[in-house]
Amino acid sequence: MELESLRVQRAKSLSFRWEWLLLVLILGAFFVNVRLSPYFWNYRSFMDALSVFLEAGFMVFSMVMILVAGDIDISVASIAALSSVLMALSHKAGLPMGLAMLVALGVGVACGYFNGFLISRVPNLSAIIVTLAGFSLYRGIAYVLLGDRAVSGFPSWYSYLAWGYIGNTGIPFMLAAFFACALVYGLVLHRTAFGRKVFAIGTNRTAALFSGVPVARIRQILFTLNGLMAGVTAIFLTSKLGSSRPNVATGYELEVIAIAVLGGASPSGGKGSIFGACLAFILMRLLRYGMGLRNIPGQVMMVAIGVVLIGVVMIPNLVMSRKKRTVVS
Amino acid sequence: MRKGGGVQIRGLRELGIIVFIIIISILVGIRNPRFLTWGNLHDMLLDTAVLSVVAVGMMFVLVTGGIDLSAESVLALTGMVAGIIIKDNPYLSPVFMLLFGLLFGGFLGAVTGLIVAKGRVLPIIATLSMMYIYRGITFIVSRGEWIDAHEMPESFKALATGRVLGFSNLIAIALGVYLLFYYFANHTRTGREIYAVGSNLEAARIIGINTDWVIWLVYTLSGALSGLGGVMWVARYASAQNDTAAGFVLTVVAACVLGGVSISGGAGTIPGVFLGAITIGIINNALPMIRVSPFWRMALQGLIILVAALVNVAVARNVERAQLRQREELRMVRHGA
Numbered sequence: 020m021e022l023e024s025l026r027v028q029r030a031k032s033l034s035f036r037w038e039w040l041l042l043v044l045i046l047g048a049f050f051v052n053v054r055l056s057p058y059f060w061n062y063r064s065f066m067d068a069l070s071v072f073l074e075a076g077f078m079v080f081s082m083v084m085i086l087v088a089g090d091i092d093i094s095v096a097s098i099a100a101l102s103s104v105l106m107a108l109s110h111k112a113g114l115p116m117g118l119a120m121l122v123a124l125g126v127g128v129a130c131g132y133f134n135g136f137l138i139s140r141v142p143n144l145s146a147i148i149v150t151l152a153g154f155s156l157y158r159g160i161a162y163v164l165l166g167d168r169a170v171s172g173f174p175s176w177y178s179y180l181a182w183g184y185i186g187n188t189g190i191p192f193m194l195a196a197f198f199a200c201a202l203v204y205g206l207v208l209h210r211t212a213f214g215r216k217v218f219a220i221g222t223n224r225t226a227a228l229f230s231g232v233p234v235a236r237i238r239q240i241l242f243t244l245n246g247l248m249a250g251v252t253a254i255f256l257t258s259k260l261g262s263s264r265p266n267v268a269t270g271y272e273l274e275v276i277a278i279a280v281l282g283g284a285s286p287s288g289g290k291g292s293i294f295g296a297c298l299a300f301i302l303m304r305l306l307r308y309g310m311g312l313r314n315i316p317g318q319v320m321m322v323a324i325g326v327v328l329i330g331v332v333m334i335p336n337l338v339m340s341r342k343k344r345t346v347v348s
Numbered sequence: 309m310r311k312g313g314g315v316q317i318r319g320l321r322e323l324g325i326i327v328f329i330i331i332i333s334i335l336v337g338i339r340n341p342r343f344l345t346w347g348n349l350h351d352m353l354l355d356t357a358v359l360s361v362v363a364v365g366m367m368f369v370l371v372t373g374g375i376d377l378s379a380e381s382v383l384a385l386t387g388m389v390a391g392i393i394i395k396d397n398p399y400l401s402p403v404f405m406l407l408f409g410l411l412f413g414g415f416l417g418a419v420t421g422l423i424v425a426k427g428r429v430l431p432i433i434a435t436l437s438m439m440y441i442y443r444g445i446t447f448i449v450s451r452g453e454w455i456d457a458h459e460m461p462e463s464f465k466a467l468a469t470g471r472v473l474g475f476s477n478l479i480a481i482a483l484g485v486y487l488l489f490y491y492f493a494n495h496t497r498t499g500r501e502i503y504a505v506g507s508n509l510e511a512a513r514i515i516g517i518n519t520d521w522v523i524w525l526v527y528t529l530s531g532a533l534s535g536l537g538g539v540m541w542v543a544r545y546a547s548a549q550n551d552t553a554a555g556f557v558l559t560v561v562a563a564c565v566l567g568g569v570s571i572s573g574g575a576g577t578i579p580g581v582f583l584g585a586i587t588i589g590i591i592n593n594a595l596p597m598i599r600v601s602p603f604w605r606m607a608l609q610g611l612i613i614l615v616a617a618l619v620n621v622a623v624a625r626n627v628e629r630a631q632l633r634q635r636e637e638l639r640m641v642r643h644g645a
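So the protein lines, in turn, are chains C and R. Just so you know, we're using my numbering here: the first sequence kicks off at 20 and counts up by one. Just so you know, we're using my numbering here: the second sequence kicks off at 309 and counts up by one.
Source of the hints: derived by calculation from the structure; they are not laboratory data. Idealized CB from N, CA, C, for every residue including glycine. Hints are supplied without guarantee of correctness; some may be wrong.
Simulated restraints on C-beta separations [as the list claims (entries may be wrong)]:
no.: 1; chain 1: C; residue 1: Gly330; chain 2: R; residue 2: Val449; range: 38 to 46 Å
no.: 2; chain 1: R; residue 1: Gln634; chain 2: C; residue 2: Thr222; range: 32 to 40 Å
no.: 3; chain 1: C; residue 1: Gly113; chain 2: R; residue 2: Ile338; range: 37 to 45 Å
no.: 4; chain 1: R; residue 1: Arg633; chain 2: C; residue 2: Thr222; range: 31 to 39 Å
no.: 5; chain 1: C; residue 1: His209; chain 2: R; residue 2: Tyr490; range: 46 to 54 Å
Covered by chain R, per the in silico footprint, the following chain C stretches (three or more residues, Cβ under 8 Å) [unchecked claim]:
no.: 6; segment: 130 to 144
no.: 7; segment: 280 to 289
This is chain R alone, in the form it adopts within the complex:
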C-alpha cells in the first residue's frame, strides 16, 4: 500500500504546530525566563489536562461532522453532582468519583446523542439547547450555591495534588486517555467507522455501517469525557460552581481546530488534538507571563479559531488536489498497462 500525498501533508500540519509551539516557547522564554522552568511547564500541563481530555471527545464529534456545544455544561453539571456526592459521602474513593464522572457524563451525552441520531435534530441546534438545559439543571441541583474547598475531603483533592512518576495524577489520567483513544481511533473497527461516517455518511450507510449508532456513540463519548473532565476540574480547583467552565467549549473547539480537526467532518487525529490542546495551554500560560491583560484572551481565542480554520481549509484543498493527482496517475498507469 503506497502512502498517499494527503498523509504527508497532514503530517506536515502537525510538524507545523510543533514548530509553532517551539517558536512561541522560545520567544516567551526570552521575555520571561521563568516560563521554561520545569515547575511552570508542569503547571501548564496540569492546567491543560482537563482541556485535553474534553477535546478528545469533541474531536470524535467533529470528525462525524457534528459539534458538541453542550460539553461545557456536561462538565459543569457532572462536576456539581460529583461535588455534592463527595460532600455528603467524604469516604468515597477518588477512583470511584472518576468512574462516576465517566458514567454520569456518558449518560448526559447519550441523551444528546439520541436527540441528534434518532430525533434528527441538527447537532448545532441540539447541543446549543442541551448546553442551556444542562446549565439550568446545574443551577437547580445546586440551588444556586457552590461547593467550597473545605467541604471536600483531602482524599478527593489529592486527585490533583498527588503525583505519579513526578507528574500530577491529572496529567497521568490525560495521558492514559490519549493512549487509549489513540488505539481506539486507529486500530479498532468502531474507531475507523467514525471516520467513515464523517467522510461520507451515505457511503458509510451503504457499506453496512450502523450510522445512527456511530453518531449516538460519539456524543456519548464526548459526554463521558466531559464528565471525567468535570470531576478532574472540581478536584483541580477544589470548588464546584454554577458557572464552572462557562465559555469553555470555545477553548475546546479551538484546541481541536488548531490540531487540524476539520469542522466539516472526516479529518482529525489524536496526536493533532494533543498538540492543539498543548498550544492553547501554552498561550494561556504565557499571556500573564508576558504581562498581557487577561481581557485579551477571549479575542485572541476567536482569532486562533479563525486562523486555524482557514489553515485547515487550505490544507484540505491541497490534500484533495494531491489525491486527485494520485488517482489520475494510477489511471494512467493502468491504461498504459
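Okay, chain C solo, but in the shape it has when bound:
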C-alpha cells in the first residue's frame, strides 16, 4: 500500500514538473517571438497566433485518452477528410448546413466506431494495423466520392465558426470552443471513474480486465470519441477553408500525436494529461508562429516537430536507464 502511494506521488510530482517545463518553454518561445516581431505583442495577433491550426487541436484531447489507454490512432486525419467531404456533398445535395454538420459528426462517429469495434472485439488485432488501414481507407473513400474536385458554396454564417470572434472581446469563437472541449475532456479524464479506468487499462490491460474494468467497451468508446472529434475538426477546418477536398488535413495525425506526446502522454500507455496537452498545443503554436515569422517553410517545420517528438520521448528514457544503472551498481 505504502509503496503504491509513494509511486503515485512520484508520478504526480513528475508530471507536475513536466508541465512546469512546458510553461517555461512557452514563456521562452513567447519572448523569442516578441523579439522577432514587434507586432506579436498585440492582443489580437496573439489570439490569432493561437487559433492558427486550432482545428487540429480538437483531436488532441481524444488522442491523449487513446494514448493513455496504450493505443494509437493514425487514421484521424483521414476520418476528418472523409467527414469534411461528406458534409460538403450532403450540403450540396440540398441538406441544410446544420444537418450537414451533423452528417460530419455522424461520419466521424461511424468511422471511429468501426475502428474501435475491430480493435477491441477481434483479439490480437493491433490498433496500429487497423488505423493504418483506416488511414488509407477513409481518405480513399473521400477520393472515390470527389476525385480531385473541390466543393464549396457554404452559407456565409458557416464561416463564423472558424473566423468569427465572440462579441467584441476579440476571443476567436474557435479558441473558446477549444478550451470548452479541453475543460470537458480534462474533467472526464482526471476526475471521473471512467478516466481512472482509462488509466488502469493503459497501465496494465490484463490487470484492469481481471479487476472488472470493461476493457473492450472503454476502448470502443475511446476510438468512437476520437472519430467524433475528427468530425468536429472537419467542421471547423471546412469552415476555415471555405471548401472541401479529399486531401484536406493531410499530416494532421503526426501533429496531433506529437502534441499529445509533448504534453506528457506516453505512447506506451498509463500516462498523460489534458492540461499538459493544452500547454503543448500552445507551445507548438508559438513555435510555428515564430518559424512562420522567419519564413521557414512547412517541410522544415515538420523536421523540427519530428525532432522535438523524438527528443521528448527519448530523453526521459535515457535519463531513466542511467538512473536504473546507478541503482543496480
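Once you've looked at the hints, dock chain R against the given chain C.
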C-alpha cells in the same frame, strides 16, 4: 523432427495467395486479354520490383514487432541525393549508384535503429517522426526542385531499360535480393535471431541474444533496402522529386500483411512477402485495365490491409491451437510411456 501443424497452416496461407492471384489474373484476363500478354506481365513485374525490395526490409522490421513508416522517406531522400550526385557526376557507374543507395539508406536506417533500440522510443513514434524528418531533409537538399530525365546520363537510366536474360535489370536485382534474404532469413544465425526476438523478446534476451543489436539491425536493413529501392525508383521513372513515393509505405505494409507477415511480430516469410508484393502489383496493374478509376486505389489498399490483417489473426489463432494440441499429445505420449 516432426513438422508442426503450424507449418502446414502457414503453407496453406501461401497456397491461398497463389490461388487468389490465379483467380484475379483469369478474371482480369477475361475482361481485357491484353493483361495476360508477356509484355504486360513484364511491365507489372518491373513496376513491382521496387515495392518488393522495400517490402523485404519492412518484413524484418515487422517480424521483430516494430514498423518502419520512414521507409518511404528514406527511399525519397536516397533517390534525391543519388539523383543530385548522378547529375553532377554523369560518369559514375550505375553499379556504384546502387551501392551508394544501399549504404546511404543503411545509414539513414541505422539512425532510426539507434533511436528505437537504444533510445527506447516506440517504433511507431520513432519512424513516424523520421518519416517527416527525412522528407523535410529531402526538400532541403533539393531546394524544392526536382531532377528531370534529361539531367540523367543514359548509363544510369539503362538500369531500368537494360535487360538480363530477357528480364529488366531491376527485376533481376529484386530476384537477387529475394534469393539473398531467403538464405539470410532461414539459414543464418542472425536471421533466426530476428525471428526469436519477434516471437518473445524476453526469452531471446535470456538465451543470450543481443536484442538491441538485432533490433538496430532490422531498421538498418530496412533503410538499406529502401535506399536501394530509391535508386531503382529514380532510374525507373527517370526523375527524382520531393514527393517521390509519398504514401508508398502503406503499399509496402499492405504487401507484407497480405503475404502473411504478422504485425505483432514473430511471423513472416520471404516467399510470402514475394507473393504479397506480386498480388499488389497485379491489382495496381489490373485496375486501369478493367477501367476502374485510379481514385479507387487508395480505398482498395486500405481494404486489402484490413482483410489481410483479419485473415492473419485468424490463421495465427489456428496455428496456436494446433501447436497447443500438439503439445498436449506429446505430453500424453510421454506420460503413457
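Enumerate the violated hints, using their earlier numbering and listing them in ascending order. 1
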